[in-house]
Structures are given as structure tokens and as C-alpha cells.
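Novice: Residue-level listing of the chains:
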Amino acid sequence: MLFGGVFSLMAVGLTLIFGVMRVVNFAHGDMMVWGMYLAWLMATRVGLDPYVGFLVCAAALFVLGFVVQRALVQRIVDAPHEMQILLMLGVALVLENTALLLFGPEPQRVRSGLAQATLWLGPVFVDVARLIAFGVAVVLTLLLSLFLFRTDLGRAIRAAADNTYGALVIGTNVRRVYAVAFGVGAACVGAAGALVSPLLPFQPPTGLQLSVASFNIVIIGGMGSLLGAFAGGLLVAVAESLGAVFLRPSLKELVSFSLLVVILLFRPTGLFGRRTS
Amino acid sequence: MIRLLIVAAVLLLAALPLLPSVFGSYAVTLFTLIFFYGFLGQAWNVVGGYAGQLSAGHAAFLGIGAYTSAVLSVEKGITPWVGMFVGGALAAALGALIGFLGFRFGLRGFYFVLLTVAFAEICRIIASNTDAIGGAVGYYITFTGDPRQFQFQDARAYYYVALALMLAATGIVAWLEQQRFGLYLSAIREDESACEALGVNTFRYKMLAMVLSSFLTGVGGAFYAFYLFSLQPSSVFGIPLSVEIIIRAVVGGAGTVFGPILGSFILSPLAELARHYFAQGGWHGAHLIVYGMLLIAVVLFLPEGAYPRLARLFHR
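Line by line, the protein sequences give chains A and B. Just so we're aligned, residue 1 is where the first sequence starts under our numbering, counting upward by one. Just so we're aligned, residue 1 is where the second sequence starts under our numbering, counting upward by one.
Worth double-checking, as some hints may not be accurate.
Unchecked claim - Chain B stretches covered by chain A per the calculated footprint, using a threshold of three residues with CB under 8 angstroms from any CB of chain A:
id, segment
1, 84 to 97
2, 102 to 114
3, 212 to 226
4, 286 to 296
5, 299 to 312
What the hints assert, rightly or not - From the derived model, a few chain B residues whose C-beta atoms are all more than 10 angstroms from chain A:
id, residue
6, Arg-3
7, Pro-20
8, Val-22
9, Leu-72
10, Val-74
11, Ile-78
12, Ala-132
13, Gly-145
14, Gln-153
15, Ala-168
16, Trp-175
17, Gln-179
18, Asn-201
19, Leu-273
20, Tyr-277
In short, the hints are calculated from the structure, not lab data. In this text the structure is predicted, and so the values were computed from the model without any measurement. Yeah, the Cβ is synthetic: ideal placement off N, Cα and C, and Gly gets one too.
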């Protein structure tokens with residue numbers, strides 16, 4: 001359940017990118033793994049705890065997202081979906097295997113002083129690390145909503161998402177807004193990666209699983225809806241842990257994939273999505 | 001000029017059966033893989049290239065074909081020469097289910113991609129949790145060297161089987177391209193709504209394409225099982241395998257007869273070289289970085305793939 005917050009933050013990043021550009025970031029999970037490796041590098045080389053280091057990860061991933069958007073995605077914003085998917089698949093392959101080349105195939109886990117601590121909250125006992133990850137993820141999502149609804153740049157992003165042409169007409173620099181939105185989306189997933197890095201052992205192929213997991217969440221919650229992504233993250237986390245309890249731990253993903261198929265067929269706009277033309 | 005190219009291609013194809021007598025064993029292996037992935041790319045091409053329905057779950061069909069033929073052979077003694085068609089039929093049944101759900105509910109673009117991925121992942125999870133077929137550890141076939149059980153002492157036999165698969169699939173696709181069916185598929189890819197408006201039963205043709213494509217891929221599964229002798233759910237049902245299939249067709253030219261073959265001739269040696277040379281120096285995944293860059297370059301600069309460009313070059 002507490003993983004849900006991090007799941008949500010990851011999905012919020014994906015849904016922001018999709019909502020603004022109508023481009024599905026197939027490299028999303030790989031960007032998250034890069035966030036994890038950056039947190040790991042900082043923890044091992046500099047001794048920076050991932051619960052502080054996530055800020056650096058978010059900043060670094062913002063730059064990565066910004067650059068990827070400017071150099072590649074901008075060229076195919078208006079291309080057919082198939083082409084966009086193939087391009088992002090290419091980006092995903094490059095990111096995943098560069099990580100493999102640099103860091104090797106061994107699973108890693110970031111050590112944090114807080115990862116071992118536990119806490120009794122009334123009758124339940126809780127991992128401090130999970131609690132912090134959940135809390136920070138929720139706070140970051142709230143900050144992101146504040147940014148989108150209260151600042152000029154955030155309003156420009158929402159304007160470009162609602163009506164690109166209209167935003168262009170009133171003089172918004174849509175190219176810049178796109179790049180910033182992609183950067184912010186990548187920063188979300190970078191922070192999410194750093195936050196779970198002490199909890200979840202990771203290796204380069206983890207990126208693919210995380211990408212697929214975040215696709216699940218945004219489809220279930222509704223593509224392009226921030227609230228949907230957030231609620232979807234919590235829902236998927238709860239559904240998977242229930243699946244792990246009632247079926248078998250190795251079958252827990254089956255629950256979310258079955259949920260995905262049902263949602264795809266009967267409510268492709270997701271639980272919180274608006275019907276768009 | 002284009003005729004010259006086709007003649008050259010046909011001559012090259014005619015020379016392929018003779019090559020093993022000159023080749024060393026490594027070249028035979030390499031060409032076997034080129035043919036086999038060319039075959040898989042060609043099978044994908046029917047639905048992904050011609051009909052333009054981007055399936056990212058073709059590993060599911062391969063996996064079903066592979067497990068079916070392997071289990072039938074090992075447990076029941078049914079020869080894979082029959083089992084491959086049983087596997088193909090089962091894969092086609094899954095293809096029909098995915099196609100029915102996807103096309104009936106009107107899933108397009110990313111949503112269809114996700115539906116196919118979801119089914120492949122569901123297959124993977126079920127296979128890893130079914131102890132009767134080895135679970136996550138995998139299913140192993142004991143080598144007996146009996147040709148009736150699709151097992152050959154001589155690697156050249158696999159070369160010929162792979163070549164036959166590739167030529168058969170290419171023949172089917174080349175024939176389809178001449179038929180009304182093939183034209184309908186291309187028309188659906190280019191503008192589905194216009195097709196429907198003209199009274200083409202797009203659902204029916206997309207279904208047929210999906211069933212044919214998944215059947216061929218399932219038949220290929222038998223080759224995979226009896227070439228490698230071990231099946232792991234994570235590799236045979238995994239998304240990376242689906243990507244390997246797609247990338248060959250796309251780089252070579254999706255929706256063309258020779259595209260997937262050309263793509264396999266470009267990419268399979270690259271993958272093999274990288275596995276042999278880079279992996280020894282601890283350079284894991286180097287060939288996949290090259291794959292990724294090629295994919296990006298193809299989308300940006302050569303969206304129709306290498307073959308159409310090559311054909312035009314000769315046409316001038």
C-alpha cells in the first residue's frame with residue numbers, strides 16, 4: 001500500500017507527458033531506473049542519503065527529459081502514434097542498455113540508515129522508509145498540482161494540453177512548454193526512482209517492468225488525468241498486494257494486467273478520464 | 001532497374017540452399033538465426049506491417065507454439081512436425097481472441113499496443129506459475145538427435161528448416177500482396193475510416209491478418225523450442241523478444257515483402273557479433289544500444305524502412 005505513493009508519482013509523470021503532448025513515454029521506467037542508479041551513485045560515492053538525494057535525481061532527470069524532448073520527441077509530436085511508439089522504444093533500449101553497460105547486470109540496492117527502522121503506528125507496524133517514500137511522493141504530487149494550477153508556466157502547460165492551437169495563438173511558446181513538461185514528467189519519475197531505491201532491488205531490465213506498470217496505472221486511472229494517475233497508483237498497489245495475499249506473490253502482477261484488460265475494453269478513458277474526441 | 005534488383009534477390013535466394021556446403025559451422029548458425037528472425041519478422045509483417053496494427057506481444061504466440069510442441073513431444077511423444085501446427089493453431093486462437101477484443105472494442109494506436117503487451121505478460125506470468133511446464137525455471141528437452149522428433153545432429157538441418165520457414169512466409173506475403181486481401185490490409189493501414197466508409201469489412205480483414213500472423217509465429221515456436229532445447233517464460237514470452245521481432249520488420253521496411261528479410265540480414269549479424277565480441281569484454285547490451293539508435297534513426301530519417309529506399313535507389 002505504501003508503495004502506492006511512489007507508483008502514483010511515477011504515473012503522474014507519465015500522464016503529464018501524455019496529457020500535454022499525446023506522446024507515450026516508453027522510456028519512462030528506464031528513466032526511473034536511471035533515477036535509482038543516480039541515487040545509488042550518490043549514496044556510495046558521496047554518502048548522500050537517497051531521501052535527500054532524490055532532489056538531485058529529479059533535477060538530473062529534468063535535464064534528461066528536457067534534452068530528449070528537444071532533440072527527438074519534438075520532431076515526431078505530430079507523427080502517427082506508431083512512429084512515436086517506435087521512437088520511444090528506441091530511446092528506452094538506449095537508456096536501459098547504457099545503464100547495463102555502465103553499471104552491469106547485478107541487482108543493486110541503496111543502503112539508507114532509515115531503511116531498517118520500523119515504527120509502531122497504533123496497532124500496525126510500518127517501515128519508516130516506506131512511510132517517508134509515501135509521504136514525499138504525496139508532497140511532490142501536491143507541489144506539482146500547485147505548480148500546474150498556480151504558476152504562469154504551469155498554466156501555460158495546461159493551456160497547451162487543452163488546446164495546443166489556442167495556446168499558440170495567444171503567444172505561448174509551445175515548444176518550450178513541451179520541453180518543460182517532458183522534463184517535469186521525467187523529474188517526477190526520477191524522484192520516484194530515488195525514493196524506492198532503498199526498498200526495491202533494481203537492475204537495468206527493471207525499467208521495462210516499471211514502464212509497463214506505469215502504463216497499467218495511467219490506463220486504469222485515465223490517460224492524461226493527474227487525479228486518475230494518483231488514484232490509479234494507489235489502486236494498483238492495493239490490488240497487487242491483495243493479489244499477493246490471496247493468490248501467490250508471483251501472481252500479483254496478473255491482477256493488475258487483468259484489471260488493465262478489463263479497463264481497456266470497457267472504459268478505455270480510465271476511471272477518472274474525460275471522454276475526448 | 002527494379003527488375004534487376006528482384007532478379008538479384010531471387011538469385012541470392014536460389015544460392016542460399018547451396019551455401020552450407022561451403023560455410024563453416026559458425027556461418028551456418030548465423031544464417032539460421034538470420035532466416036529464423038526474418039521469418040518471425042515476416043509473420044509480424046502481416047498484421048504489424050500490412051494492416052498497420054502494431055502488436056508488441058508476438059512473443060506470446062511464439063511462446064505458445066514453443067511450449068505446445070515441446071510438451072506434446074516430451075510428454076506424449078507426438079512429433080513436433082505435427083505439434084508445430086497444433087501450437088500454431090493454439091497461437092492463432094489467442095491471436096483471434098486478442099484481435100476480437102482489440103478490434104471489436106476499437107482499440108487503436110497505443111491502446112492496442114498495450115492490449116497485446118498485457119496478453120503476452122499474462123501468458124508469461126501463467127507459464128512461470130505452472131509447475132507442470134517447469135514454472136519460472138523453464139522447460140527442458142532432452143536431446144536425442146531423432147529427426148522424427150525435430151532433433152538433428154547436423155546443424156545444417158536447422159539451416160534448411162529455417163530457410164524453408166522464411167521462404168514459405170515470404171511466399172505467403174508476396175502472394176497476399178497480389179490479392180484483394182493484401183490491398184485491403186494496406187488500405188486499412190493508410191486510412192481505416194475511409195475503408196469503412198467504402199464498405200470494406202475492416203474488422204474481418206484485421207482479424208484474418210491477426211490470425212494468420214499469430215499462426216505463423218506459433219509454428220515458428222516449434223523451431224525455437226527444438227533449436228534451443230530449453231524454454232524460459234521470461235525469455236520466450238518476454239517483451240524483449242517481441243521487440244526483436246518488430247525491430248527487424250521496421251528497420252527493413254514494414255509492409256513490404258522483402259523488408260523483414262532485409263532487416264534480419266542487417267540486425268541479426270549485429271546481434272550475434274555483439275553477443276560474441278562485446279559480451280566477452282563485459283560490454284553487456286552494446287548491441288541493444290545500437291538497436292535503439294537504429295530504431296530512432298529509422299523513425300526520424302527513414303520512416304518507411306531500408307528496403308523501400310533501396311528499391312528506389314535502383315529504380316532511378
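Novice: Please verify the coverage claim for the segment 84 to 97 of chain B: does it have three or more residues whose C-beta sits within 8 angstroms of some C-beta in chain A?
Specialist: violated (count 0)
Novice: Would you say Arg-3 (chain B) is clear of chain A, with no C-beta pair closer than or equal to 10 angstroms?
Specialist: holds (31 angstroms)
Novice: Against chain A, does Ile-78 (chain B) keep a CB gap of more than 10 angstroms to every residue?
Specialist: The assertion about Ile-78 (chain B) holds, with a minimum of 30 angstroms to chain A.
Novice: Regarding the assertion that Gly-145 (chain B) does not contact chain A, is the least Cβ-Cβ distance greater than 10 angstroms?
Specialist: Nearest chain A Cβ is 34 angstroms from Gly-145 (chain B), so the label holds.
Novice: Are at least 3 residues of the segment 299 to 312 of chain B within less than 8 angstroms of chain A when you compare beta carbons?
Specialist: holds (count 3)
Novice: Is it correct that the beta-carbon of Leu-273 (chain B) has no partner in chain A closer than or equal to 10 angstroms?
Specialist: Given a closest Cβ separation of 15 angstroms, the condition holds.
Novice: Val-74 (chain B) clear of chain A by more than 10 angstroms, beta carbon to beta carbon?
Specialist: Fine: 24 angstroms to the nearest Cβ keeps Val-74 (chain B) off the interface.
Novice: According to the definition I'm using, a residue is off the interface if its beta carbon is farther than 10 angstroms from all beta carbons of the partner; does Ala-132 (chain B) meet that for chain A?
Specialist: Given a closest Cβ separation of 15 angstroms, the condition holds.
Novice: At a Cβ distance under 8 angstroms, does chain A reach at least three residues of the segment 286 to 296 of chain B?
Specialist: Contact hint for the segment 286 to 296 of chain B vs chain A: holds, 9 residues under 8 angstroms.
Novice: Measuring Cβ to Cβ, find out whether Val-22 (chain B) lies farther than 10 angstroms from everything in chain A.
Specialist: holds (35 angstroms)
Novice: May I ask you to check that Tyr-277 (chain B) keeps its beta-carbon over 10 angstroms from the closest beta-carbon of chain A?
Specialist: holds (14 angstroms)
Novice: Evaluate the condition: distance from the CB of Gln-179 (chain B) to the nearest CB of chain A exceeds 10 angstroms.
Specialist: For Gln-179 (chain B), whose nearest Cβ neighbour in chain A is about 24 angstroms away, the distance exceeds 10 angstroms, so it holds.
When the structure is compared with the earlier hints, violations turn up for hints 1, 3 and for no others.
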